[in-house]
Every structure is written in C-alpha cells, then in structure tokens.
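Residue strings, one per chain:
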Amino acid sequence: MITKEVAGVDVALEGVTSGMTMMLGGFGLSGIPENAIAKLVELNVDNLTCISNNAGVDDFGLGLLLQKKQVKKMISSYVGENAEFERQMLSGELDVELIPQGTLAERCRAAQAGFPAIYTPAGYGTEVAEGKETREFDGKMYVLEHAFKADFAFVKAWKGDAAGNLIFKGTARNFNPNMCGAATITVAEVEELVPVGELDPNQIHIPGIFVQRIFKGETYEKRIEQRTVRTRD
Amino acid sequence: MALDKNQIAQRIAKEVQNGYYVNLGIGIPTLVANYVRDDIEVEFQSENGVLGMGPFPYDGEEDADIINAGKQTITTLPGASFFDSATSFSMIRGKHVDLTILGAMEVAENGDIANWKIPGKMVKGMGGAMDLVASAENIIVAMMHTNRAGASKLLKRCSLPLTGVGCVKKIVSNLAVLEVTPDGFKLLERAPGVSVEEIQAATEGTLIIDGDVLEMQL
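The listed protein sequences correspond, in order, to chains Y and C. In terms of the UniProt record's numbering, the first sequence opens at residue 1 and continues consecutively. In terms of the UniProt record's numbering, the second sequence opens at residue 1 and continues consecutively.
Pulled out of the complex, with its shape left as it was, chain Y reads as follows:
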C-alpha cells in the first residue's frame, strides 16, 4: 500500500507559497476544507488565485482569506452572502472571474481526467463567452472552456484511510471529488481517518490515486448558512 497519510495540517500544506493557484472544495459552507483554510490564514500567504464555487461568508470559509486580503483572484460561480467580497470586487481590489457552476465543475474534472478543454452550451451568447472559441455541433452552439491548472487542491471528505481513499457525506460532496487529482498536489482532510482495510472498496467515492496527502482535521465547526426547519404539528 502507498501511504498518503501525513501528521497534520502543517505537513499537509508544506510547499504552499504566495502567488499559487488553488482549488478549494465546498458548496456554500458545506464540505469546505476548514482546517486547510485556517492554516492558509495562519501562513499568511497572499496573491492567491482561488478556484471555489463560493467565497464563504464574511467571517468563515474563504471569507477569512478575503478579510486578510490574501486573495488576488477568485474564480467562482456564486459569491453572494459575502459583503466584504462584494466591496472588494466592486472597488476593483479583487479580480473576479464568474463562470457557470457546471463549467466550474467540468473544468476541474477535465484537469483530473486529462482533457485540455471541453465544449459546453452554458454561457453561449452571454458575456461569459466573450473572447472564447465557439463551435456548432448538431445545430447548437457551444463554448470552449479550458481545464484548470492549479498548484494545490484542498478537499474535505467525511471518511478516509491512509491510502488516500475517500468517502463523502450528503451534499458536502459537491465539488470535492471533481477537484481530487485536478491539481499538482491534492490535499484531503477528513473527519475520520480509519485504518487501511476498514473502508469497503465498493463504497469508496474517490480512489487514493487522486490524493497526495491526507490528514484528519483537528476540529470541524461545520457552520450552517441558512438554518431552515419545520415544527412538529
């Protein structure tokens, strides 16, 4: 067995420097790599390009990096719910590339799968397609979108083992599997790191080959953005 386990977040983020491009999993605050983000804040690296569907909220998730002005550019599909982000974007302090959510997922997956680019119908005829190659297939127009190139991918899974195998839970799965193996180094953090052999091979969502480093996150706040409940009749 090839071991991917590292002692903790400090070792997991070795080699991260200012100016790097990184992918971060998560949808809203669900399934975000909380421990890696906290470490990035502590390392105080800046001029980062972050590929992430959302930008966190003002005081949690990627919002923490934005507060400290560590981010040069965000590539996201939806950045509402973050006042500081909106301020930095509208004032021009932050470079923002907004792209369709499915395109974001597929540009990650293309990098993972060895495709240089993909054609998608999303964004055709809109400003998202400006300056991009377009092509007609069977009477419908498509936009050429390139695979991402990233130095690090930070993903969060529910369970994992030392071989780097990952299992996700609920909708915390989201972009995390698509980012595994899509960067030079994929760092997975998990809530439970179990001994090799304990995970059923049938149940593994991402095989360890797509992961270079795995560690057990020290704590998970798992904050809920919109707590919606119903009352019992």
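Fair warning: there could be bad hints in the mix.
To be verified - So the derived list for chain Y, only partly shown, Cβ under 8 angstroms to chain C, looks like this: (1) Ser77; (2) Val79; (3) Arg87; (4) Met89; (5) Leu94; (6) Leu98; (7) Pro121; (8) Tyr124; (9) Asn178; (10) Lys222; (11) Thr228; (12) Thr231.
Hints listed in this document are in silico derivations from the structure and should not be mistaken for laboratory results. For every residue, glycine included, the Cβ atom is placed at its ideal position computed from N, Cα and C.
Let chain Y serve as the given structure and place chain C on it in line with the hints.
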C-alpha cells in the same frame, strides 16, 4: 388581485407532471414543492448534488452536510441520492432533468433571460443558471411582472447582461401566464381579477392577445 409569491408557486405547481425530475431555483421556485399534488410522483433535484429532496428538517434534526442550492438545511426522501457537482450538471446539460423553474430579473420577447448581474451594483454570480437555461428544453420562469418602480420586466430586449439566449418558454408572473412565441409573449391566463389592459400596461414587450383570456385556476 395580483398573485403573491406563494400563489405564483401554486400556479406553477400545476405544470409539474407525473414522473418529472424537476430542478427548482432559489426564491419563488423553491416554494413550488409545497404545492405539487400528493398523487403526482416527482423528484426534486438540487444542483449542489441531491436528487429526491424532501421538506425542511424538524427543529434539532438539521445537518450541515445536507443542504439545497439555497444553502438551506433540507431532508431527503426514500430513493434519494447524493452526487458530485460534475454529475449534477451532467443531469442538467445532458437533458435528464424534465423541468427547470427559475427566477428572472428580465425576460425578453425572444426568450432571452437575465438574472445574475446588475453592472456596478449587484454581482452575485450566475451559479447554475447558465447551465440550466442553456440546456433545459422545458423552462418556466417565476417572476414579478414589474419592478418596485413599476417598470416592466417583460421586455422587447433585455437591458441587463444575459444569462441565456432564446431559452425561456413559459412565464408565470404575479399578473399572468405567458408563452414565449416567435411573435412575442402570448397571454395564456390572467391572474384572478386582473384585466388584459392591466397586463398590457405592465408589459413592454409585444403582447399577443388571442380571443378571450381566461382567469387562472389555482
């Protein structure tokens, strides 16, 4: 009387047919799930990676790992599944979803839609909307007919940056049900107590009135 948001959702729910997989956007579309008849089998897809969405959880049973595209805590129904974002958009772009219901800031008479950006003022992003409108064959837009200042949101041409071109087929607004045709917005139904003249006055784009326009049944 113009419809309120719940009544718009109630009217749209009548468009949901047995066996449909349905994607519900954020806002009014989310409310549609509350009004689908019990005898209709339907599965709701949320683009963040769940098929078979159920109602909100009971107080104390909410789970940070189970949310919808609006980041609200939800539950799942028997037969539900979770999947990654690429798989989710494969369902959408691959036309496996039967009906897409989403909101809009503006719709044009040629079916163009704008719902993601107001230059210089508001930029929240398109989320999954561009994938949805570029691929879905059955799109219903839930919207208010006019903005707060009373100006029409059903236009000859959209003024805001587009989300998709020529894609909207049907609109359910607070005033009317309309179909987008090659000649413009065809008025299908009026909200109860709302006159054709009121709808005409609230519609900047070409409005096609063909014979008697019935009041909608909720």
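Going down the list of hints, with the structure as the test:
no.	hint	verdict
1	Ser77	5 angstroms, holds
2	Val79	5 angstroms, holds
3	Arg87	11 angstroms, violated
4	Met89	6 angstroms, holds
5	Leu94	11 angstroms, violated
6	Leu98	5 angstroms, holds
7	Pro121	4 angstroms, holds
8	Tyr124	6 angstroms, holds
9	Asn178	5 angstroms, holds
10	Lys222	4 angstroms, holds
11	Thr228	4 angstroms, holds
12	Thr231	6 angstroms, holds
When held up to the earlier numbered hints, the structure conflicts with 3 and 5 and fits the remainder.
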